[in-house]
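With chain A fixed as given, assemble chain B onto it according to the hints.
These protein sequence lines map, in sequence, to chains A and B. With my numbering as the guide, the letters of the first sequence map in order to residues 114 to 454. With my numbering as the guide, the letters of the second sequence map in order to residues 679 to 1303.
Warning: the hint list may mix true and false statements.
[Unchecked claim] Computed list of lysine-lysine pairs in DSS-like fashion (alpha-carbon distance at most 27 Å, straight line):
(1) A:K435 x B:K1075
(2) B:K960 x A:K435
(3) B:K875 x B:K837
(4) B:K1219 x B:K1276
(5) B:K1075 x B:K960
(6) B:K832 x B:K875
(7) A:K329 x A:K261
(8) B:K1227 x B:K1276
(9) B:K866 x A:K435
[What the hints assert, rightly or not] Here are the in silico distance ranges between beta carbons for each label pair:
(10) B:R734 x A:S449: 27 to 35 Å
(11) B:G1109 x A:G332: 53 to 61 Å
(12) B:E1113 x A:V256: 51 to 59 Å
(13) A:R134 x B:G1121: 22 to 30 Å
(14) B:S761 x A:D203: 37 to 45 Å
These are computed hints drawn from the structure, not numbers from a lab. Note that beta-carbon positions come from the ideal geometry of N, C-alpha and C, so glycine has one too.
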Amino acid sequence: MTTTAIPVTTRKDWSSDQEVRWCPGCGDYSILAAVQMLMPELGVRRESTVFLSGIGCAARFPYYMNTYGMHSIHGRAPAIATGLATTRPDLDVWVITGDGDSLSIGGNHLIHALRRNVRVNILMFNNQIYGLTKGQYSPTSEVAKVTKSTPFGSLDTPFNPVSLALGAEASFVARTHDMDRAHMQETFRRAHEHNGAAFVEVLQNCNVFNDGAFEKITGKEVRSNMLIPLVHGHPIVFGVEGEERGVAQRADGGLEIVTVGETGPAGLLVHDEKRDDPGLAFALSRLARGPYEPTPIGVFRAVERPEYGAQMSEQIVQAQEKRGLGDVAALLRSGSSWTVE
Amino acid sequence: MASGTHHATEQLDQVIVRFAGDSGDGMQLTGDRFTTSSALMGNDMSTFPDFPAEIRAPAGTLNGVSAFQVHISDHDILTPGDSPNALVAMNPAALKANIDLMAKGTILIVNSDSFEERNLAKAGYAENPLTDGTLGAYTVYEVPMTSITQEVCKEAGVKPRDAERSKNFFALGLVSWLYTRPVDPTLKWINERFSSKPQVAEANTRAFRAGFDFGETAELFESNYEVRPATFEPGEYVQVTGNSALAWGLIAGTRLAGLPLFLGSYPITPASDILHELSRRKEFGIRTFQAEDEIAGIGAALGASFGGSLGVTTTSGPGLDLKSETLGLAINLELPLVVVDVQRGGPSTGLPTKTEQADLLHAMYGRHGEAPLPIIAPQTPSDCFAIAIEAIRIAVKYRTPVIVLSDGYLANGAEPWRLPDLDALETIEPGFASEPNHVDEEGNPSFWPYIRDPQTLARPWAPPGLPGLEHRIGGLEKSDGSGNVSYEGVNHERMVHLRRDKIAGIAADIPLLEVNDETGDAQLLLVSWGSTYAAVAAGVKRIRARGMKAAHAHFRYLNPMPTNTGEVMGRYAQILVPEINLGQLSRILRAEFLVDAKSMSKMQGNPFRVGEIESAITEMLGGKS
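Isolated chain A (complex conformation) (with noise of 0.2 Å):
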């Protein structure tokens, strides 16, 4: 709205002067911290920046940064950011949630956002269990997850947040972790780069109610092997020095890990987050079964594509082009009308 230069801000800028009451140790802080230290890297102003979220831990988010802010109802922040996005196409929009929230009460919301493209970006922290009502279990959690709504193991099949968002049409489908904040950073910066509904899935720990249920992959130990960062136009490889391994595409079309030092570096499969046809991106989310085999992080999707708002008001100034400004007398009399002396 201004037009005065973006002033230099620091992380201090962005934090609202609400004190933060997630549990200690929760992976919430460190998503915190990534994102209000990108933010005065963004080139955005405070008074443009709107954070909304839904219910859950996660829905806390904007009264910690000092910027406009909305905590909503329980799933419906995509709906709400819809109306604000698309008629304020001036602002930065981002909607913070968690897997209950996006997943299980506001599913539908989320997939028509995406479907539409909405310019939002939508941060769906993962840690597969609800945490704020203590500990039942959630839409990601695993089958025969045992907590106090499951006490018999769970029987529900989990959804892949990923293969969710790809199938829901999303242009712009990333994954990253709540243990590697430059890995977050770099991810929420080309989310908000990007010209459409961006959906990052965080991978974040409860420490409370489902302790290191990604140690398994994002422990600093085991990371490297686990881990597989995706780089477009590069081949997909992880692995320490030496043990390297990678994705090849099989004869059957499906995907598979290999060695790089038996199959040699030419077999693997180059990442392509901009192909238009999202079968591999698919595919690559669906390489691990769960947090516990090797899984791509990175950039899945990116592809451009005609942006919801901009064409809503396109078909505005369209409208107006071809008759005029709306009158509101002339609308009165739009059908017949007679005149009585």
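Same frame as chain A, now just chain B:
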């Protein structure tokens, strides 16, 4: 077409015509065209489209009958009329479904071609009513509409099967002759509407002319009728339905406020036409959003309001259920929002195409916690325009969601509307916050989103974009003033009181309850709200014509109520509240004002008939009805 020279033309002061046929017969269109030509010739009129929920129920069955009733007159009328003077029945089912509405001696015009074995069986007639003598008390005109239409269309090269579809225009032509309606507006309309399908335009024109000429030449009718123009206040008039007027009011209201209009809506009968109308008016800068569900519709509208637009959502009963949680959020956020509920028969899916007024208590109390909001209701189709503007004024001024309770009858019913002087409408001041309103502990200017205007108790509206006004709001209870999250009990109670007082205070900003009590000494007060206005006002008129006394008060504002409501209620020994529900307003009046407000209830999917109101009044006054 010559006028009926060899027929006598009888003068009537009013006439009620009911067109009935299969859902696919185009009866709504036929009725609508008859209405328009009557409006254009200066009659007062009121319409009642009465159609089934099924788009095309099996042809020829009772379930598939669609009807359109129109009342035209040479004087001021309020309702679509109790009992038709003429029924046009396109098939046996249409006759069977509507014959009970017809008084002895009235006119039945039937499409005799359709009274054959198969259709008679489908309608459940063992014998053909045209020949078994059961219709002896009526004036029956048997007209072979299908075959004449096919015959006249043959010359235009239209196949018989396609020509058959023009038979509603034959019926329209015939009835236009019978009631001496002008033909030119209809012919012109046919040519414009079907300009891209010249053969259809030709078939419809031929059918219409054939119908008119049939009346003229068939020697079947002894006379035709004329209803002279009514006396209207000078001005420019249009024919308008409630849903159109409501959409136009939303456009006009947001113009008056200088706010962009955002509509978040999910299709639902009978509210969808508001979504349709606004969607085709993009030149007004309107953003319409067909959401994935009712919840997203109101959510997106609320998000738009947070951003400085006027968020609106339109729905009907089942949709209002789904919007309840977001309404609670909007009450807590204290942001402007307009929710239009076009009521229909409930509960659940209920009667989707039939009218009802049973969402009043839902609108009043249908949220968890203490969650008051203003509720207003239009009283006629054209009043939907003014009520939409009023909803926007209250929502913006008091930073609150407002519920507008329209209903299926108002939504689809039409009446002549004298166009308002747009320049005379008062502007609405959004009053956006423009600067910090507080000083923090360190002496720096800051912004507190819950510091209230002492007069209205409204909080500042500060859409994102202004530096220094960054703030966070949410569904958690907020600390009075700062708006920060607060779980403190005393603060919560204060906030509950503030939210209540803010809404209650609107009473001082709305007109007093007007009482129509001609002589000032009536003992009985009739109370109406929403669409019952018409039947109650007409009933009171009839009572007075019979020398009895009754007063009438109508509520456009259901919450808060006008400040003189208690005083008015206390003035009358008897109070009667006719409602299309089980007595919801009467219950509120009894609870709030400790008066013996008696309920008169009807829930048959249609409005009260004037005669029903007249009888009820007569009975209460101790006379015979």
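Cross-check of the supplied hints:
Between K435 of chain A and K1075 of chain B the CA atoms are separated by roughly 34 Å; this puts the pair beyond 27 Å, and the hint is violated. Straight-line distance between C-alpha atoms of K960 of chain B and K435 of chain A comes to about 11 Å, which keeps the hinted pair within the 27 Å bound. With a C-alpha separation of about 14 Å, the suggested pair K875 of chain B and K837 of chain B falls inside the 27 Å cut-off, and the hint holds. The hinted pair formed by K1219 of chain B and K1276 of chain B meets the criterion: a straight-line CA distance of about 20 Å does not exceed 27 Å.
About 26 Å separates the Cα atoms of K1075 of chain B and K960 of chain B, which keeps this hinted pair within 27 Å; it holds. Note on K832 of chain B and K875 of chain B: the hinted pairing holds, with a Cα-Cα distance of about 17 Å set against a maximum of 27 Å. The suggested pairing of K329 of chain A with K261 of chain A holds, with an alpha-carbon distance near 24 Å, which does not exceed 27 Å. About 18 Å separates the Cα atoms of K1227 of chain B and K1276 of chain B, which keeps this hinted pair within 27 Å; it holds.
For the hint pairing K866 of chain B with K435 of chain A, the CA-to-CA distance comes to about 25 Å; that is within 27 Å, so the pair holds. Evaluation of the 27 to 35 Å hint for R734 of chain B and S449 of chain A yields a pass: the beta carbon distance comes to about 29 Å. Between G1109 of chain B and G332 of chain A the CB atoms are about 55 Å apart, so this pair conforms to the stated range of 53 to 61 Å. Hint check: E1113 of chain B to V256 of chain A, Cβ distance near 56 Å, so the stated range 51 to 59 Å holds.
Separated by about 27 Å at the C-beta atoms, R134 of chain A and G1121 of chain B satisfy the suggested range of 22 to 30 Å. Between S761 of chain B and D203 of chain A the C-beta distance comes to about 60 Å, which lies outside the given range of 37 to 45 Å.
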